[in-house]
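Trainee: Residue numbers (our numbering), protein chains in the order written: chain F, 1 to 273; chain W, 1 to 273; chain H, 1 to 242; chain A, 1 to 242.
There could be a bad hint or two in this list.
DSS-like, lysine-lysine: derived pairs with alpha carbons at most 30 Å apart [as the list claims (entries may be wrong)]:
(1) H:Lys21 to F:Lys130
(2) F:Lys144 to W:Lys90
(3) H:Lys175 to F:Lys95
(4) W:Lys95 to F:Lys144
(5) A:Lys47 to W:Lys144
(6) W:Lys13 to H:Lys21
(7) F:Lys245 to H:Lys237
(8) H:Lys214 to F:Lys90
(9) W:Lys43 to W:Lys90
(10) H:Lys21 to H:Lys138
(11) H:Lys180 to H:Lys237
(12) H:Lys102 to F:Lys245
(13) H:Lys102 to W:Lys20
(14) H:Lys47 to F:Lys130
(15) W:Lys130 to A:Lys176
(16) F:Lys43 to F:Lys20
(17) A:Lys102 to W:Lys39
(18) A:Lys180 to W:Lys130
(19) A:Lys47 to A:Lys180
(20) W:Lys189 to W:Lys144
(21) A:Lys138 to W:Lys130
(22) F:Lys130 to H:Lys175
(23) A:Lys102 to W:Lys95
(24) F:Lys130 to F:Lys245
(25) H:Lys47 to W:Lys20
(26) F:Lys144 to H:Lys47
Read the hints as simulated data drawn from the structure, not as lab findings.
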Amino acid sequence: MNSSIVSLGEMAKQIKNGHKVVLFKDCSVPMELGRTLIKQGIKDLHLVTVPTGSMLPDMLIGAGCVATVETSGVSLGEFGLAPQFGSAVKSGRIKILDATCPAIYAGLQAAEKGLPFIPLRGLIGSDVLKNREDFRVIDNPFMKNDPIVVLPAIAPDVAIFHAGMADVYGNVYIARQAELKIISHAATKTLVTVEEIVDFNILEQPELAPAVLSAMYVDGIALVPNGAWPLNLPGYYDYDRSSIKAYAIAAENDSSFKTWLETQNSSSKGNSN
Amino acid sequence: MNSSIVSLGEMAKQIKNGHKVVLFKDCSVPMELGRTLIKQGIKDLHLVTVPTGSMLPDMLIGAGCVATVETSGVSLGEFGLAPQFGSAVKSGRIKILDATCPAIYAGLQAAEKGLPFIPLRGLIGSDVLKNREDFRVIDNPFMKNDPIVVLPAIAPDVAIFHAGMADVYGNVYIARQAELKIISHAATKTLVTVEEIVDFNILEQPELAPAVLSAMYVDGIALVPNGAWPLNLPGYYDYDRSSIKAYAIAAENDSSFKTWLETQNSSSKGNSN
Amino acid sequence: MNHSIEELLIATIAEFLYGLKHIAVGVLSPIPGSAALLAKTRSEEVKKVSIIGSTQEPYRLDGGVDLFDCAGQGRVDAFFLSGGQIDGQANVNLTGIGDYPKQETRWSGAFGSAYLYFLVPRVILFREEHSRRVFVPKVDFISAPGVSAPNIYRPGGPYALVTPLCQFLFDRNKKKFFLKSIHHGHSLEEVHDNTGFDFEVPETVPVTATPTKKILTLIREKVAPVIADPYPDFANKCWPNH
Amino acid sequence: MNHSIEELLIATIAEFLYGLKHIAVGVLSPIPGSAALLAKTRSEEVKKVSIIGSTQEPYRLDGGVDLFDCAGQGRVDAFFLSGGQIDGQANVNLTGIGDYPKQETRWSGAFGSAYLYFLVPRVILFREEHSRRVFVPKVDFISAPGVSAPNIYRPGGPYALVTPLCQFLFDRNKKKFFLKSIHHGHSLEEVHDNTGFDFEVPETVPVTATPTKKILTLIREKVAPVIADPYPDFANKCWPNH
């Protein structure tokens with residue numbers, strides 16, 4: 001048995017106040033780990049959403065766990081805007097670092113490659129660029145009169161996500177979510193909650209191997225059935241639309257959000273299953 | 001049936017004199033396509049080896065098809081140096097653009113991303129850098145007194161490789177050779193020879209899909225059994241060591257190389273099977 | 001043959017897409033997605049439609065990196081953007097209203113707009129609300145600019161704007177929208193009343209072509225079942241009997 | 001217990017590897033590869049050995065990008081380099097002899113050296129030929145430099161040099177090799193006669209430790225079967241009975 005298999009509680013304790021935490025967008029979202037972090041009372045997180053975020057960042061922001069959000073957009077998709085995110089931005093309670101999707105990817109890919117920076121086309125003339133003091137415009141070294149944006153590497157302390165299957169050797173099957181490799185490579189630590197842990201080496205299955213995140217990049221695995229609930233996990237379960245809708249309504253104002261949060265704290269599907 | 005399925009001869013004609021052609025290192029090498037190009041009398045190719053090359057570039061150089069080689073190394077591996085490459089460099093018959101493996105990858109990844117350049121650590125103080133007029137050293141825009149190399153994008157005209165399986169929809173299964181995606185994304189055109197063409201959509205098989213190069217990037221597929229012979233294709237066949245050894249010996253001098261080449265032209269395993 | 005406003009918009013947008021090799025569709029875009037599918041059904045030259053959020057081959061993408069790299073390579077021919085605000089220079093605001101960063105109203109964020117608007121040759125702007133609240137003289141926040149200085153690398157940009165009232169083309173040299181046609185049942189006056197920016201008007205304003213029976217049949221029989229994968233609610237609403 | 005020169009070299013190189021988390025091995029490196037496997041067998045802290053060319057999990061890599069990215073992240077702790085020429089400043093020449101580019105003798109090329117030599121903290125130089133032809137005062141072509149100016153980003157570099165005669169450590173401050181030990185049966189004079197560059201010599205030169213019976217057993221029983229995957233000829237030659 002690989003030493004990286006831990007309980008959900010042990011995993012949550014590895015994430016510290018002030019950590020830069022990187023979150024993949026929808027599906028693969030570690031909702032139960034997020035609820036555990038809220039219960040733990042974590043503070044001052046710097047969230048990086050890849051490239052956008054939905055219910056988890058909104059929930060963490062509402063619960064007061066977040067100091068900074070680096071994102072290309074936070075929304076509940078078809079369920080509307082992200083209310084807690086919106087009110088936190090409006091009040092200035094959180095610092096917002098607005099980006100554009102490929103800039104988030106490119107910053108993480110720079111970290112993955114050990115590059116201090118990476119160029120990106122676009123952005124020039126936007127207020128996104130104007131408000132990012134950490135983005136620079138340089139001259140293309142290979143062409144005159146061709147300004148181009150350069151972005152600093154994004155190197156998170158911790159990457160967290162939820163996946164279907166891990167093995168006892170510490171490998172994680174990420175299926176079609178190939179971008180989870182990027183965030184794990186870029187982050188110092190990677191913590192993964194999974195639906196099931198199998199006892200054969202998934203890297204030794206030729207058809208699974210191309211979609212495996214190797215144990216070298218995995219610092220913790222916790223068995224958490226329904227760990228993405230109420231969001232979806234392809235091949236396992238679909239969205240629980242009524243629960244997301246209930247959240248979207250509750251999050252509209254602070255007092256109903258608090259009530260919702262207390263319900264979550266007293267019970268959650270991820271724990272009860 | 002997808003219009004991208006062509007005969008080997010039709011495929012070879014899509015590669016023109018002077019084209020910048022990108023070749024993956026070992027396994028996935030389109031040897032039979034290479035032999036066809038030699039018969040066709042192609043000239044002035046600019047070969048980019050990813051990141052190194054073995055028998056195919058040596059053979060193309062010996063046959064007089066190549067003007068420039070951009071490489072991190074050409075060798076026959078355990079069978080020794082690449083003799084035709086070595087003598088062509090010595091005589092100045094070909095132009096050599098020496099690189100280091102991650103620089104070849106980085107240049108192609110820049111093209112894949114549509115970036116004009118990409119930075120890379122290392123290289124400073126090497127004679128590799130000193131002899132590459134197209135590599136530059138700039139100051140890291142985010143840190144004082146931190147010189148770093150920037151490389152121009154490598155955008156080949158054509159990527160060629162050999163794979164096990166394609167489908168009639170034009171998708172190609174690349175198994176563990178994920179880097180074939182990089183070269184196809186970077187190149188304007190991609191031409192693939194395969195062992196077999198299946199009539200189901202391989203993208204619709206969840207376990208195959210993560211290792212599929214989508215038809216969008218594939219401009220030609222030719223059915224060429226044993227197309228990598230005498231090199232290997234994992235899951236299909238191993239190296240034909242005696243044939244490679246015979247090549248290594250023949251290639252040692254120009255007259256025995258010519259004789260070897262004529263034998264090849266009159267028959268080849270790829271055609272006869 | 002009767003048609004819904006959604007069907008008119010789908011057919012109208014599709015007119016900009018015939019013959020393009022690769023059309024990509026972002027999140028929350030059922031009408032543009034349907035238009036792209038219609039174009040693929042009617043045009044052999046449309047080789048690929050990528051729909052973010054679709055789980056069906058051949059419409060799915062490997063992920064965001066795949067889309068953005070593909071656009072960087074020049075392999076995405078058309079894309080769609082919307083905006084909480086859009087102004088007469090085709091600047092798009094997806095970020096919020098009021099002084100940044102503590103905006104009165106915060107929307108989601110720029111998403112891929114600040115990149116794709118530069119890289120994709122034909123960006124079609126689309127909004128289901130045609131009002132002075134949306135079409136403003138100047139956006140509060142430029143998530144992505146409509147035009148750039150000549151030395152800025154920009155193979156892409158705004159091409160057209162489609163609304164429930166009318167369709168505009170964007171003239172990149174004049175940096176202005178040009179009214180192409182008004183949908184049946186609406187007037188130039190109505191368009192002016194509901195548009196906060198200036199635009200050019202032709203001497204005679206055509207009426208937008210009504211979708212033919214053939215096109216409506218294709219939409220209902222070929223497009224509806226596919227768009228129902230990423231957008232089940234939309235498909236149920238538009239084509240309850242299909 | 002009798003041992004071969006290969007077994008001595010494997011055991012000697014492994015001494016530099018115990019406790020390192022991730023050891024990567026390049027092409028044509030059966031002895032360093034065996035040393036890495038020995039280190040993993042003996043040290044729980046060695047979590048991963050990556051062998052380019054191995055098809056066996058858990059030794060294979062996703063590909064070159066995976067290795068170079070991993071090194072860029074600081075996640076490769078040791079790597080091995082050789083050279084057609086190596087000089088006293090630990091410069092490595094894998095490219096050729098004579099004036100570049102039309103060299104008298106052209107070898108393969110720099111491979112990953114011009115990058116990994118900068119990024120991997122512990123690069124072990126290894127050559128099976130110890131001669132003045134290989135160990136020269138100054139290399140004809142610097143494929144990868146041994147030392148860099150202080151402002152150059154360089155978390156990695158040369159750590160040791162192992163040959164069939166002896167082993168050196170490299171002192172990055174003095175920019176010089178330091179003789180660590182001479183293998184049994186060889187003399188300091190022999191080392192001097194066959195080394196074309198200057199190096200530091202301790203007052204008393206130790207003899208290289210001979211591999212213990214336990215280590216030889218591990219090499220023959222645990223390492224040999226694994227290294228036989230990428231290097232069948234090497235394994236057959238060294239351990240014909242295994």
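Trainee: Please go over all the hints and tell whether each is borne out by the structure.
Mentor: Hints versus structure:
no. : hint                 : verdict
1   : H:Lys21 to F:Lys130  : 34 Å, violated
2   : F:Lys144 to W:Lys90  : 36 Å, violated
3   : H:Lys175 to F:Lys95  : 35 Å, violated
4   : W:Lys95 to F:Lys144  : 27 Å, holds
5   : A:Lys47 to W:Lys144  : 36 Å, violated
6   : W:Lys13 to H:Lys21   : 24 Å, holds
7   : F:Lys245 to H:Lys237 : 19 Å, holds
8   : H:Lys214 to F:Lys90  : 50 Å, violated
9   : W:Lys43 to W:Lys90   : 20 Å, holds
10  : H:Lys21 to H:Lys138  : 34 Å, violated
11  : H:Lys180 to H:Lys237 : 29 Å, holds
12  : H:Lys102 to F:Lys245 : 26 Å, holds
13  : H:Lys102 to W:Lys20  : 52 Å, violated
14  : H:Lys47 to F:Lys130  : 38 Å, violated
15  : W:Lys130 to A:Lys176 : 24 Å, holds
16  : F:Lys43 to F:Lys20   : 11 Å, holds
17  : A:Lys102 to W:Lys39  : 28 Å, holds
18  : A:Lys180 to W:Lys130 : 34 Å, violated
19  : A:Lys47 to A:Lys180  : 28 Å, holds
20  : W:Lys189 to W:Lys144 : 41 Å, violated
21  : A:Lys138 to W:Lys130 : 17 Å, holds
22  : F:Lys130 to H:Lys175 : 22 Å, holds
23  : A:Lys102 to W:Lys95  : 9 Å, holds
24  : F:Lys130 to F:Lys245 : 35 Å, violated
25  : H:Lys47 to W:Lys20   : 26 Å, holds
26  : F:Lys144 to H:Lys47  : 36 Å, violated
When each numbered hint is compared with the structure, violations occur for hints 1, 2, 3, 5, 8, 10, 13, 14, 18, 20, 24 and 26.
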